[in-house]
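S.K.: Start counting the sequence shown at 1; every next residue gets the next number (the numbering used here).
In short, the hints are calculated from the structure, not lab data. Note that the coordinates shown come from a computational prediction; the quantities given were computed from them, not determined experimentally. Accuracy of the hints is not assured; some may be wrong.
What the hints assert, rightly or not - Result set (EDC-like, lysine to aspartate or glutamate): computed pairs, CA atoms no more than 20 angstroms apart in a straight line: (1) K63 to D39; (2) K64 to D39; (3) K63 to D113.
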Amino acid sequence: MSVAVKVDGRSLRWRDHRITRRRELLDRTLVAIREHGHDVGMDAIASANGVSKTVLYKHFTDKKGLADAAMARYVETALVPRIQDAISEDHDEYHLTRAVISAYVTTVATDPDIYIYVHANNAVSGNQDIITAAEGLIADLLATVIADRFLQREFSTAGSMPIAFAMIGAVRLASHWWIFDRTMTADELVDYLTMMVWGGIAGIARAAGSAATFASEPHSLTLDG
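Put together the whole structure using the sequences plus the hints.
M.R.: What follows is the structure, encoded as structure tokens:
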């Protein structure tokens, strides 16, 4: 016989309040980073939130904890929604590929200070857990789409997950390079990434998604014609 567990309504309300308050602090922190730049200090972040640093530290322990939480909040509210919007469009495979790449690059290009702020704090601590979790979430979304499209064409879906991770990894690292280099426009970056990723997808399609079939084919950079 199961035993009913009494739920403390006050505890639930307090928990919900803390979650809501934490989100508010993070949203205002992101605003502060946009306004003051990636080297924004805790004083400016506290001021943007209308609280003392002591209050911030009650929620996030230290600057590193705040950076991790800000990254997670940004992924949740900006990056993932844009990726979801891109994959929900009724595009053919090529334009879907370009739309996903463009969504990622546009997000980074729109908020470079947030990207640099988060990565700078992660570089100091050496903690890549938040970034890894974000990549995993996006890769899961892409793998589902890839598997669905492959199934429609009766291709092997065995490589859906590594293909998705390879795609997001390439786009993230190229975007990271671009943030600090800027020797081309964001649109040009999207063009080159689309060319590379689509070239890979086209090769996978020719082999019907089979790594064995792909390996058995002749491979050459010689162009016909």
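S.K.: Would you mind marking each hint as holding or not holding in the structure?
M.R.: A quick look at each hint next to the structure:
no. : hint        : result
1   : K63 to D39  : 12 angstroms, holds
2   : K64 to D39  : 13 angstroms, holds
3   : K63 to D113 : 16 angstroms, holds
In the structure shown, no violation is registered for any of the earlier numbered hints.
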